[in-house]
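*Asks:* Listed below, chain by chain, are the residues.
Number of protein chains: 2
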Amino acid sequence: MSATLGIGIIGCGNISTTYFELAPLFCGMDVRACADLNTEAARASAGKYGVAAQSIDDLLANSAVDIVVNLTVPEAHAGVTAAALEAGKHVYSEKPLALSLDDGLALKALADAKGLSVCSAPDTFLGGAHQWARRLIDEGRLGTITSGTAHVMSHGMEHWHPNPDFFFKPGAGPVLDIGPYYIANLIHLIGPVRRVAALANSAEAVRTIGSEPRRGEKIAVETPTNIHALLEFESGATVTLGASWDVWAHRHRNMELYGTEGSLFVPDPNFFGGTVELSGRDGGLSVPQPFDHPFGVPNQDHGGTALANYRGAGLADMAKAIREGGGARCSLDRALHAVDVMTGILRSAEAGTFVVMQTRCTRPDPLGPDQARALLKD
Amino acid sequence: MSATLGIGIIGCGNISTTYFELAPLFCGMDVRACADLNTEAARASAGKYGVAAQSIDDLLANSAVDIVVNLTVPEAHAGVTAAALEAGKHVYSEKPLALSLDDGLALKALADAKGLSVCSAPDTFLGGAHQWARRLIDEGRLGTITSGTAHVMSHGMEHWHPNPDFFFKPGAGPVLDIGPYYIANLIHLIGPVRRVAALANSAEAVRTIGSEPRRGEKIAVETPTNIHALLEFESGATVTLGASWDVWAHRHRNMELYGTEGSLFVPDPNFFGGTVELSGRDGGLSVPQPFDHPFGVPNQDHGGTALANYRGAGLADMAKAIREGGGARCSLDRALHAVDVMTGILRSAEAGTFVVMQTRCTRPDPLGPDQARALLKD
Chain A
6 MSATLGIGII
16 GCGNISTTYF
26 ELAPLFCGMD
36 VRACADLNTE
46 AARASAGKYG
56 VAAQSIDDLL
66 ANSAVDIVVN
76 LTVPEAHAGV
86 TAAALEAGKH
96 VYSEKPLALS
106 LDDGLALKAL
116 ADAKGLSVCS
126 APDTFLGGAH
136 QWARRLIDEG
146 RLGTITSGTA
156 HVMSHGMEHW
166 HPNPDFFFKP
176 GAGPVLDIGP
186 YYIANLIHLI
196 GPVRRVAALA
206 NSAEAVRTIG
216 SEPRRGEKIA
226 VETPTNIHAL
236 LEFESGATVT
246 LGASWDVWAH
256 RHRNMELYGT
266 EGSLFVPDPN
276 FFGGTVELSG
286 RDGGLSVPQP
296 FDHPFGVPNQ
306 DHGGTALANY
316 RGAGLADMAK
326 AIREGGGARC
336 SLDRALHAVD
346 VMTGILRSAE
356 AGTFVVMQTR
366 CTRPDPLGPD
376 QARALLKD
Chain B
6 MSATLGIGII
16 GCGNISTTYF
26 ELAPLFCGMD
36 VRACADLNTE
46 AARASAGKYG
56 VAAQSIDDLL
66 ANSAVDIVVN
76 LTVPEAHAGV
86 TAAALEAGKH
96 VYSEKPLALS
106 LDDGLALKAL
116 ADAKGLSVCS
126 APDTFLGGAH
136 QWARRLIDEG
146 RLGTITSGTA
156 HVMSHGMEHW
166 HPNPDFFFKP
176 GAGPVLDIGP
186 YYIANLIHLI
196 GPVRRVAALA
206 NSAEAVRTIG
216 SEPRRGEKIA
226 VETPTNIHAL
236 LEFESGATVT
246 LGASWDVWAH
256 RHRNMELYGT
266 EGSLFVPDPN
276 FFGGTVELSG
286 RDGGLSVPQP
296 FDHPFGVPNQ
306 DHGGTALANY
316 RGAGLADMAK
326 AIREGGGARC
336 SLDRALHAVD
346 VMTGILRSAE
356 AGTFVVMQTR
366 CTRPDPLGPD
376 QARALLKD
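Here the protein sequences line up with chains A and B, keeping their order.
Quick note: the first sequence uses our numbering, first residue 6, plus one each step.
Quick note: the second sequence uses our numbering, first residue 6, plus one each step.
Don't read these hints as lab results, they were simulated from the structure.
Keep in mind that the hints are not guaranteed to be accurate.
When chains are identical, the list treats them as one kind, so a pair holds in a single copy or across two.
Stated by the list, open to error - Once the Cα atoms are required to be at most 25 Å apart in a straight line, the calculated SDA-like pairs of lysine to any residue come out as:
1. K223 <-> M362
2. K53 <-> F31
3. K382 <-> G215
4. K223 <-> L381
5. K174 <-> D143
6. K382 <-> N259
7. K174 <-> R286
8. K223 <-> G93
9. K53 <-> S68
10. K223 <-> G288
11. K174 <-> R219
12. K119 <-> G93
13. K174 <-> P293
Given the structure is predicted, the values throughout are model-derived calculations rather than measurements.
Extracted from the complex, chain A is given alone in its bound form:
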């Protein structure tokens, strides 16, 4: 196999821009082709980023493509990933891996049968802030983590997104849409989940679009928009997750972890950077020693704020694992476990029962500063 793996992107919508623009940061991979059901979108991306526009079938048959990056809409994730595996390609999928555990398990069986790798976003837990948190945990600064809280609450999404309908349909909602960032980071920091319980409701049966160009149109809400969940980890730690698009204002931090020796405050798992805060037994918060991690260095302007964005790091880590052997951090097993947790939360809320996980996984290896630098081009 060549030292550089060929990437083919399927799905040239909004998120593809991030992959096209950030992929050149990383070594050992090269975006070579793109495809979309909307051939105009594929052609536009191809022209802008200097790659080949192809039909989906042609991309899947393209021998220069080793890894298909699946950036389709969530409902299409499992189907497109399966088709790519059937075509003999490794796959890196946007989150969530699948909308049901059964679909995810079928992908695993197929990948195993074909001897191919499947990995999945999010890779934000590889960010400087989250690896900093991981380092502090691994150093024992928290002692044993016994508990924690995670909150991702807003009044979304119809106020800003041009086509917000899909957010309110089964397969999205705050758990499957935003939850993956939080669940992936919790697995990264604490490990796999044993069981969950949840309550869910919706503040409104109908949402009114506030964004252009469809301002004033109505959307029927077909999935819960407000979820409170309890997660019990295999380690014994218990964490609440509040995920809501029904909250006008709140004052919760994104993630707080409580240990026998102190508390850790982790910034938004939806981003790579941010400030980690730590307390010891005296309860006083401070910012621990700086952590010289390349994936915490701001590299984008985000409306006047400098932002660290290294989306693609998980793909680069996957390409390295394929080239050199070893496990990928955004692995199929972890993505599958996250699907198990997220769909378990929704099932618990529907059935009014605790739901025991059917899958398990290990924590990913940490990605220290040197390992992160090794993923970047010189």
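Knowing the structure of chain A, use the given hints to seat chain B on it.
*Replies:* Same frame as chain A, but now just chain B:
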């Protein structure tokens, strides 16, 4: 019946000071006697506050006592309340009313059979801050409350209490010890609970006393010290309750309520005063118009901080209801429902199932500024 009801206090420990000192604020009641298994303690209180020291039996037989205030340790609450009812006395009990729902239901049956009133602390929800929150909710400033969070987390209690053992035994723990303040206020603001689910653990199997005079002694932990619970209210609102003595530092507000029109930030339900904050749909927080409530006016110095403490307000409200008819706000039905919720949380955590409440209650009537003034002496 006399226009002034006679009060007899059973239990002259730490909390009795508050009742002895604050009872004279309120009209229509008069502390006339006190008793304690420790006759020295009863005699000391009697001398200090100018009431009669009696044996428990004599106090229960004292015709000048209309209401027994039960300030015994939690394990003794139900038994002492039953004995007082048998002696023909109304009872106001410190929280919790009972340590099991069965004990609480038996008290209700006995009170009904005897035609006597039982009420129970906490009465902090009658405080100015919480009545302010109630007014804002009743005015529709939140629209429909759909969700919320409540957090009471610390690293307690062995660092400050001289005899902290009881905190770590069944019947205490953060849910039964501190939970009553939060549950009572949630019932006051939202209404009764339909079902609960919870996870519980303990960071340490043994706690080491850090306070004098027993510094260094060990306490076996016999009840969970860290609980995350989900509460679904009959209204459909869903609220998480985090109650823990295993947290060195956290950044949660005491109580946040989310509605279809805004969010409300309620201060610590363990106190009468504090600042209420409110947002509308714009998400911007502000302090709503001042609320001229007498139970929000600071009346105590608390280590340099001015504190509003009107403990006894619930007892005065009970005395008024006995004298004039009508329902008492700290009623048996509400206290019983709180016991149902709290013991349901512990049962859910133990069994790994959702627990449906066996009792229900109504919200207490609000206690507006004029109604509160009517409870105070001129």
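*Asks:* If the cutoff is 25 Å on CA atoms, where do K223 and G93 land: within, between, both or neither? Let me know, please.
*Replies:* Classified as neither: same-chain Cα gap 43 Å, cross-chain 63 Å, threshold 25 Å.
*Asks:* With identical chains, the pair K119 and G93 could be close in the same copy or across copies; at 25 Å between alpha carbons, which is it: within, between, both, or neither?
*Replies:* Close inside one copy (7 Å), not across copies (81 Å); limit 25 Å.
*Asks:* For K174 and P293, with the copy left unspecified, which applies at a CA distance of at most 25 Å: within, between, both, or neither?
*Replies:* neither (42 Å within a copy, 37 Å between copies)
*Asks:* As a check of your reading, is K53 near S68 (CA-CA no more than 25 Å) within one copy, between copies, both or neither?
*Replies:* within (23 Å within a copy, 93 Å between copies)
*Asks:* As a check of your reading, is K223 near G288 (CA-CA no more than 25 Å) within one copy, between copies, both or neither?
*Replies:* between (48 Å within a copy, 22 Å between copies)
*Asks:* Under a CA distance limit of 25 Å, which applies to K174 and D143: within one copy, between copies, both, or neither?
*Replies:* neither (39 Å within a copy, 33 Å between copies)
*Asks:* Since the copies are identical, ignore which copy is meant and state whether K174 and R219 lie within 25 Å (CA to CA) inside a copy, between copies, both or neither.
*Replies:* For K174 and R219, only the intra-copy Cα distance (18 Å) is at most 25 Å; the inter-copy one is 59 Å.
*Asks:* Should K382 paired with G215 be assigned to within, between, both, or neither, using CA atoms and 25 Å as the limit?
*Replies:* For K382 and G215, neither the intra-copy (42 Å) nor the inter-copy (54 Å) Cα distance is at most 25 Å.
*Asks:* Cα distance capped at 25 Å. Does K53 pair with F31 within a copy, between copies, both, or neither?
*Replies:* Classified as within; 19 Å inside a copy, 78 Å across copies.
*Asks:* Within a copy, between copies, both or neither: which one fits K174 and R286 at a CA-CA cutoff of 25 Å?
*Replies:* between (45 Å within a copy, 24 Å between copies)
*Asks:* At most 25 Å between C-alpha atoms: does K223 with M362 qualify within a copy, between copies, both, or neither?
*Replies:* This pair counts as neither: shortest intra-copy Cα distance 36 Å, inter-copy 37 Å.
*Asks:* Treating 25 Å as the Cα threshold, decide for K223 and L381: within, between, both or neither.
*Replies:* Cα proximity of K223 and L381: none, with 45 Å in one copy and 53 Å across.
Consistency note: the structure conflicts with the earlier hints numbered 1, 3, 4, 5, 6, 8 and 13.
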